[in-house]
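*Asks:* What follows is the residue order along each chain.
Protein chains: 2
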Amino acid sequence: MARKPKLETVAKEAGVSTATASQVMRGAGRISDATRKKVLEAAHKLHYVPDGRAASMRSGINREIGLVIHQIANPFNAEVISGVSDLLEAEGFLVSVLDSRDDVERQRRNIQAFIRNARGGLLWVPADDTDDTTYDLLRTHGIPTVTFLRHLPSEPFDHVGIRDADATRKATEHLADLGHRHIAFLGGKSRSFVRTERIAGYSDVMQERGLAEPLVWDTEDDKMSGMEAMVALRAAHPEVTAIVCNGDMVAIGASLALQKIGQTPGHDVSIVGFDDVQDAAVSTPPLTTMAVSPYQLGRKLAQIMLDRLQAPDTPPTVTQVAATLITRSTTGAPPAG
Amino acid sequence: MARKPKLETVAKEAGVSTATASQVMRGAGRISDATRKKVLEAAHKLHYVPDGRAASMRSGINREIGLVIHQIANPFNAEVISGVSDLLEAEGFLVSVLDSRDDVERQRRNIQAFIRNARGGLLWVPADDTDDTTYDLLRTHGIPTVTFLRHLPSEPFDHVGIRDADATRKATEHLADLGHRHIAFLGGKSRSFVRTERIAGYSDVMQERGLAEPLVWDTEDDKMSGMEAMVALRAAHPEVTAIVCNGDMVAIGASLALQKIGQTPGHDVSIVGFDDVQDAAVSTPPLTTMAVSPYQLGRKLAQIMLDRLQAPDTPPTVTQVAATLITRSTTGAPPAG
DNA sequence: AAAGATTGGTATAACGTTATACCTTCTGTC
DNA sequence: GACAGAAGGTATAACGTTATACCAATCTTT
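Residue numbers (full-length UniProt numbering), protein chains in the order written: chain A, 1 to 337; chain B, 1 to 337.
Just so you know, these hints were derived from the structure itself, not from any lab. Some hints here could point you the wrong way.
Stated by the list, open to error - Residues from chain A that keep clear of chain B, each with C-beta distances beyond 12 Å, as calculated:
| # | residue |
| --- | --- |
| 1 | Gln71 |
| 2 | Pro75 |
| 3 | Pro335 |
Unchecked claim - Partial selection, computed: residues in chain B whose CB lies under 10 Å from chain A:
| # | residue |
| --- | --- |
| 4 | Pro75 |
| 5 | Asp136 |
| 6 | Val282 |
From a predicted model like this one, the values you see are computed outputs, not experimental measurements. The beta carbon of each residue, even a glycine, is placed where N, CA and C say it ideally should be.
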């Protein structure tokens, strides 16, 4: 196993100086076709891969972008990651993903590690309860940062989000139009900006249309919790005929629970999800949900990062992506009587 | 926004040399408590974070581990990632994840980027059809590598896998014990080592017990493909009363398709999945499947990496994790007649 | 009190790139 | 054939750490 080749090895092999070899590798400077070819051949022959640490240290440029997210396994998030990667990789960046698992401490370690390695930029879904020190750290070290999905209270960075209030508004109006009066909001636990917005959109419609008092029911955002919550909600509030969910997984859980007790989603109780995850279309019955294209969101995110890297000193921007209602089979008119 | 502090800044602030400051930060050398305290205070005051590029370049040590996997969104894989991160982060490593999406070209770029940044090690599920050049690259650059789940044909690295043949053997025996004679193997397309092993375990039982000729049916490993395949398989081979699947998603798809045509999984046709994904327990009916604990697999993987980093020159090892049969509701005796 | 050991600290040369400045040849022009 | 300018290359000093070697005190031991 040969020693790891460095630029000097390549230069020697090609019979030129390291300066020349460097220029060839970067496609910079004025180099004749003949020497360029010599160098490239030598590099290829030796399996040369430049050392990015040295390069980025000297040049001050690092084409590695980090993505810190609260849950890697979530299919929505996975699509976002695909969108980000596709665009950034096409521009020659490397995207590496860290899972904070919504743990502030783990997140702090991850971000610290980022700074250590002086990454080129950070795409970030802040964990719930993220404290100021974490983003102070990013600011003082001047890491170009774009947050998404979740807002920070005082927003010092670029942000890409969903028009959340608008989305739950549409969902609630859809249910109201079908004739529902007792509509609950189900899912989420935190007082995050996003959830607050969603609850606001829902509550607004409930009041504007003179429907029942808003009813918000907390749960974790997974299928199992959705099932348990549905059972509990039925028991506590039998008058509820429709629910707006904070996520598709909760919604699918609720739908399953309903069927387990012999009721039909979209008939006995109507359910609107949020996210349009892949399973939403193929679950039984297919789920009515609010869709945002996570892939497009990812691309948008990547674009904002590229813009930021181009113009580091422009003020932070906020971009919002609209959600659209996808009507499937879990919503319908309330049961008679 | 202050200039990014470097060791020199800290040293100056504390009134010592950079050598001393460095030793304090690393907890190395012989330093009095008084100066140690001075330096630490200065570092804290300035929000100093050491530059890992410079450090790893000089020391030759990089506590960043990369994980290249074929599908980030897969819940099984996500659990593996959790297991890996928990153990390695406890040891002070940073784990960053790259999604190859089973694309050889993307994978090559990812791994090349890894080498560029001289990461400390690579945990890797090779994409299908990975060619020799990719792992030659790893070898010539001396990156400590552990492959998992998927074998490379000639295995030059440590490997952690599932006892695949043994697993499908157990699954097939379970079905045979229930009285099935016509059992098919469903799922997967590639001639990967893993799938070959699984088919071997299945085929062996079919022959040992004198059951029907082995029947292998190719598909993609997702839910939708499982549905389509089930329909096609029923049409082509109505005598089949049980199937062993290459993955839970295919199995769940098959189960759904069966119910769509009015049949009952576990009664009309028995189904055994593979992986025990989260959905397996909550799908209707709950899926009988072969389970390996992905979290434990992840920890094992991390441990092998740590061992490898300790002893770079020992020969590669192969570790296998057993799968256990989880009996739920999709298996039962074959229909009478 | 001389020799050795220990303690606490520092100067300096790497690590592998790239940016800058500079140095040779060549051309072509008058 | 003198001179400007371009074309093609190279020497060298950074970038921010850490490992090595070394030094100057202070403390033992005999």
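*Asks:* Look at each hint and say if it fits the structure.
*Replies:* Structure-based check of all given hints:
no.: 1; hint: Gln71; in the structure: violated (8 Å)
no.: 2; hint: Pro75; in the structure: violated (5 Å)
no.: 3; hint: Pro335; in the structure: holds (23 Å)
no.: 4; hint: Pro75; in the structure: holds (5 Å)
no.: 5; hint: Asp136; in the structure: holds (7 Å)
no.: 6; hint: Val282; in the structure: holds (6 Å)
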